[in-house]
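All chains, full assembly: derive it from the sequences and hints.
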Amino acid sequence: MFPAAVTPVMTMTDYDAHMVVDIERHDDATVLTVKGMLDSLTYRELRDAVIKAALEEPRAVIVDVNQLSVPTASAWSVFTSARWHVSTWPDVAVLLISRDAQTRRAITGVGVARYVPVHPTREAALGAMAELSLHGRRRTRAQLPPTAVSVRVARSLIQAWLAAWARDDLVAVAATVATVLVENVLAHTDSAPVLVVENYRDTVTVAVEDNSRQPAARHEVAGRGAETLSGLSIVAALCRAWGSTPTSSGKTVWALVGPENEL
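Take 1 as the starting number for the sequence shown in the UniProt record's numbering and just add one per residue.
Errors might be hidden in some of the hints.
[What the hints assert, rightly or not] Ranges of calculated distance between the beta carbons of each label pair, as one might list FRET restraints:
hint: 1; residue 1: 259; residue 2: 131; range: 25 to 31 Å
hint: 2; residue 1: 121; residue 2: 211; range: 35 to 41 Å
hint: 3; residue 1: 211; residue 2: 88; range: 19 to 25 Å
No lab work stands behind these hints, which were simulated from the structure alone.
Here a beta-carbon is modelled for each residue, glycine too, at the ideal position from N, C-alpha and C.
What follows is the structure in structure tokens.
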């Protein structure tokens, strides 16, 4: 049913010798094979590895946990946490593989399987993935310089990309959101921003990656009155949803806009 050929392991991530994550491509899926111990030392790293794989927007992220040791059942919630972070954008499914029936019962028993289905084999997970659809997504990205010129470049790129996708109606709001997100990266990190823009159905998502692990949060200026708003407060008012998603190298701050947000 499924092609036997797969792309070999692309990268290997070693988390202080406690955990190793092998990454390979199989059809439209990203398959992570996790080896080692899931504990307080590796919880965040595994969560971020799953999130990073999802942000590349495969049809699904499939995690093989057959070689993962989990002494505390509650630690399985790492996969619920990862799925929650990508549930609105890019809304990529996360599935687990475990051939051990007792492990599958443990995952189900702590409620993880409600959000992250667990399958006995890779073939079963790929079969479930085949029912998912991300057709119609258009996505592009650009590395920006770590200087103020990035704001102008980001706005110009958004105008060009959305015009090519016949979404001129959302250029103004998307460019405004990008201005805030890029300015925040330049002001609060030492990163060169990476701009990601996606169109799916009637929505456009603007995302900016940086190398800071500090989550993005709305901050008002104390003592300056209600008329002084943070940039993210403006983003929140302009968009349908926004979020700050951790990655293994920092974070991605994103905002999703639809027709109701047209300026």
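Against the structure, the hints:
no.: 1; hint: 259 / 131: 25 to 31 Å; in the structure: holds (28 Å)
no.: 2; hint: 121 / 211: 35 to 41 Å; in the structure: holds (38 Å)
no.: 3; hint: 211 / 88: 19 to 25 Å; in the structure: holds (23 Å)
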